[in-house]
Amino acid sequence: GAGVSQSPSNKVTEKGKDVELRCDPISGHTALYWYRQSLGQGLEFLIYFQGNSAPDKSGLPSDRFSAERTGGSVSTLTIQRTQQEDSAVYLCASSQQRGVETQYFGPGTRLLVL
Amino acid sequence: DAKTTQPPSMDCAEGRAANLPCNHSTISGNEYVYWYRQIHSQGPQYIIHGLKNNETNEMASLIITEDRKSSTLILPHATLRDTAVYYCIVRYNNNDMRFGAGTRLTVKP
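Just so you know, the protein sequences line up as chains A and B, in that order. Take 1144 as the starting number for the first sequence in the numbering used here and just add one per residue. Take 17 as the starting number for the second sequence in the numbering used here and just add one per residue.
The following block holds chain A by itself, in its conformation from the complex (with noise of 0.2 Å):
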């Protein structure tokens, strides 16, 4: 079946400006991870949602990333006034459930603020 896809795939913004990357999660995953990888690094837990709510919002750096899930399904993780610190991939991860289920991992969507 399908997998995690996130879009775009590429996104290249001016300092300051907002950006909205898009997720869409394996059809009936309930638990929805957003990650960063910062160029040579490991990953780095954003937020997840379980439905459409988000529990532990303790990984998000400032307050100008936030994230929203709506009907259970799709995601969106914004970032306001962009900075250059924000260039990263962010990658998109479900799972069936909140726990012990695998989470299958998007392609990533490669954000470049100049």
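One thing to keep in mind: the hints can contain errors.
[Stated by the list, open to error] 20 Å max Cα-Cα, derived SDA-like pairs, lysine to any residue: (1) LYS19(B) - GLY1215(A); (2) LYS19(B) - GLN1184(A); (3) LYS1154(A) - GLN58(B); (4) LYS1154(A) - SER57(B); (5) LYS68(B) - ALA1231(A); (6) LYS19(B) - GLU1187(A); (7) LYS1154(A) - HIS56(B); (8) LYS19(B) - PHE1188(A); (9) LYS19(B) - GLN1180(A); (10) LYS19(B) - GLY1202(A); (11) LYS19(B) - THR1245(A); (12) LYS19(B) - PRO37(B); (13) LYS68(B) - GLU1244(A); (14) LYS1158(A) - GLU1244(A); (15) LYS1158(A) - ALA1231(A); (16) LYS1200(A) - GLY1183(A); (17) LYS19(B) - GLY1185(A); (18) LYS124(B) - GLU30(B).
[Claimed, not checked] For the chain B half of the interface with chain A, some residues (derived, Cβ under 10 Å), not all of them: (19) SER57; (20) MET113; (21) GLY118.
Hints listed in this document are in silico derivations from the structure and should not be mistaken for laboratory results. Remember, predicted model here, so these are calculated numbers, not experimental data. Note that beta-carbon positions come from the ideal geometry of N, C-alpha and C, so glycine has one too.
Could you slot chain B onto chain A? The hints should help.
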């Protein structure tokens, strides 16, 4: 929350077994060991996971020591396409997986 320690890099000859070690000495009883890999410019790919018993699937085998303080991922016949960064992860407090720096495996012809 348990942390993992992996060697930063390893080499393996094509066709030979690749054995990737991971230490997780602070693992607790209910925490699973997961292995993912990330090939350049792609999202992480699930490989295998286990709790106490050794596990095998079409990709790899996972050997977990009896005290659960370390594990080894085995790729039985490494190919050039197995060149990637391999992450050993212990579930964080039944929450999200925290990825470390991983091991960069290079399979050489």
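Below or equal to 20 Å on CA atoms is what counts here, so check LYS1200(A) against GLY1183(A).
24 Å, violated
Interface hint status, GLY118(B) versus chain A (Cβ within 10 Å)
6 Å, holds
For a C-alpha distance cap of 20 Å, please report whether LYS68(B) and ALA1231(A) respect it.
36 Å, violated
Please work out if LYS19(B) and GLU1187(A) have their alpha carbons no farther apart than 20 Å.
Measuring from Cα to Cα gives roughly 14 Å; hence the hint holds.
Take the C-alpha atoms of LYS1154(A) and GLN58(B), compute the straight-line distance between them, and say whether it is at most 20 Å.
16 Å, holds
Between LYS1154(A) and SER57(B), is the straight-line Cα distance small enough, at 20 Å or below?
Roughly 15 Å between the alpha carbons, so the hint for LYS1154(A) and SER57(B) holds.
Would the pair LYS1158(A) and GLU1244(A) pass a check requiring their Cα atoms to be no farther apart than 20 Å?
Not OK: LYS1158(A) and GLU1244(A) at ~38 Å, beyond 20 Å, violated.
With a cut-off of 20 Å on the C-alpha distance, tell me whether LYS19(B) and GLN1184(A) pass.
17 Å, holds
20 Å Cα cutoff - pair LYS19(B), GLY1215(A)
31 Å, violated
Hint check: LYS19(B) vs GLY1185(A), CA-CA at most 20 Å. Holds or violated?
14 Å, holds
Against chain A, with CB atoms and a cut of 10 Å, does the hint on SER57(B) hold up?
8 Å, holds
Pair hint LYS1154(A) and HIS56(B), alpha-carbon separation not exceeding 20 Å:
The given pair, whose Cα atoms are some 18 Å apart, holds under the 20 Å limit.
In the structure shown, a violation is registered for the earlier hints numbered 1, 5, 14 and 16, in ascending order.
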